[in-house]
Structures are given as C-alpha cells and as structure tokens.
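Novice: Chain residues, written in single-letter form:
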Amino acid sequence: KNEVEQSPQNLTAQEGEFITINCSYSVGISALHWLQQHPGGGIVSLFMLSSGKKKHGRLIATINIQEKHSSLHITASHPRDSAVYICAASFQGAQKLVFGQGTRLTINP
Amino acid sequence: DTGVSQDPRHKITKRGQNVTFRCDPISEHNRLYWYRQTLGQGPEFLTYFQNEAQLEKSRLLSDRFSAERPKGSFSTLEIQRTEQGDSAMYLCASRSQANTEAFFGQGTRLTVV
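As you go down the protein sequences, you meet chains U and V in turn. Each step along the first sequence adds one to the number in the working numbering, with nothing skipped, and position 58 is 58. Each step along the second sequence adds one to the number in the working numbering, with nothing skipped, and position 108 is 108.
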C-alpha cells in the first residue's frame, strides 16, 4: 500500500529556531513533493525532488532513497513561515499524489 | 496565465442539493487532478484526467460524484444529493507531465448544512 507519514503533526517554535519536519514513505517513489498551505486553503509547491538535496532561500529539502525518508528544514524561522507543511509522494507507476497528514507549524515572535 | 483557478471559493448548500465546482488548469497542462481535504487531514485523491479522458477514479468517488473535462481544458466536479459528510475543501491541481511540479488552485470550500 502506498503510504506517506509525516511528523510531527504540530510544531511550535520561537522565531529564529531551526525547524525540521520529517516524511517517510512506504515503497518506491518517482518524486517527493513538499508543499505549503496557508489558512484559506491555497497550496504552494515548495520542492519536488527524487534524490539528494534542494535549497531555496531559508528552506532546504533532503531525501534519502534507501531509507525512504525526506526532511524539510527551515533556517532562521520567522512568524511568516507559520503554515501547514505537507509532503506528498508520486509513487512509481501512479499518476496521483499521495499526501501526508501535514505538519502545522507555528513560529512565535 | 494566472495559474490554476477554482470557482466558487466557498459554497454553502443544504443537504440533498446538487453542487457543481469548476477548475481551470494552467493552459498547457494536460493532466488535471481533483483532491478532497477534510479538516486536519492531508488531501485525498478523487480523480485524474489526461486531456479529456478520465483515467483514474478513487473509491472515495461514490456514484453521487461525477467529474468531466469535456474539451481537455476546464473540468467540473458535481456532487448530487449532498450529505453533511461531503463538507470539505475540494482542490484541483494540474501539471504538464507525470513527474513534474503540480500546481494547485485555491480550492472550493463546501459546507453542507
């Protein structure tokens, strides 16, 4: 069964802290997506990766194919980073995305 | 192009009524997806179109649900005889090929009272 698990479900931190959100998946994937969802519902794609590491500004995404695990890191976190972060997998041979439950991140000033 | 757009953004309907949502994908994207998201959960797959062909449907898509993409451009999702359990955010996404970035609309939030 194609599954995606995220942890933690909720994360509260102080401004400036280094944030890590984890994602594990069950079987082989063709790509792993990290997405951001703000209140109101809109989803924005942050990263799509199938190996290694990607960086965009203060956001870093890594993936370990052998361990079936990916992480999203936020450096120097800021209150505007507060949102729900969702990982989603494109499993091999499938068109759809399978989503994790999301991690609700709150950054306090 | 302004991205994926969905209409309406919000819909409140009485139980038993029919509702229809519209999604306009990015124009050059031939793949279009519908997902449903309930409070506190990640989105769940409903159905997928490649051009005008509906190639995959989830078991979540009961016989009260129907989706179309008649000309391979915009898509509609209709729910007949709505139930309170249908209350959710309905998200549309599009992409150009299978292993490319997906672009999401703002979603349609349905409330069935």
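Hints may contain errors.
Unchecked claim - What follows is a list of derived Cβ distance ranges for each label pair:
| no. | chain 1 | residue 1 | chain 2 | residue 2 | range |
| --- | --- | --- | --- | --- | --- |
| 1 | U | Pro79 | V | Thr111 | 34 to 40 Å |
| 2 | V | Gly16 | U | Thr20 | 43 to 49 Å |
| 3 | U | Arg80 | V | Arg64 | 38 to 44 Å |
| 4 | V | Ser66 | U | Arg80 | 38 to 44 Å |
| 5 | U | Arg80 | V | Leu39 | 19 to 25 Å |
To be clear, the hints were calculated from the coordinates, so they are not data collected in a lab. Computed from a predicted structure; not experimentally measured. Here a beta-carbon is modelled for each residue, glycine too, at the ideal position from N, C-alpha and C.
Novice: It remains to establish, for every hint, whether it holds in the given structure.
Specialist: To see whether the hints hold, each was checked on the structure:
The hinted window of 34 to 40 Å between proline 79 (chain U) and threonine 111 (chain V) is violated, with their beta carbons roughly 29 Å apart. For glycine 16 (chain V) paired with threonine 20 (chain U), a C-beta distance near 47 Å keeps the hint of 43 to 49 Å intact. Range check, arginine 80 (chain U) to arginine 64 (chain V): Cβ separation about 40 Å, and the 38 to 44 Å hint holds. Between serine 66 (chain V) and arginine 80 (chain U) the CB atoms are about 40 Å apart, so this pair conforms to the stated range of 38 to 44 Å.
Taken as a hint, the range 19 to 25 Å holds for the pair arginine 80 (chain U) and leucine 39 (chain V), whose Cβ atoms sit roughly 23 Å apart.
Against the hints set out earlier in the document, a violation occurs for number 1 only.
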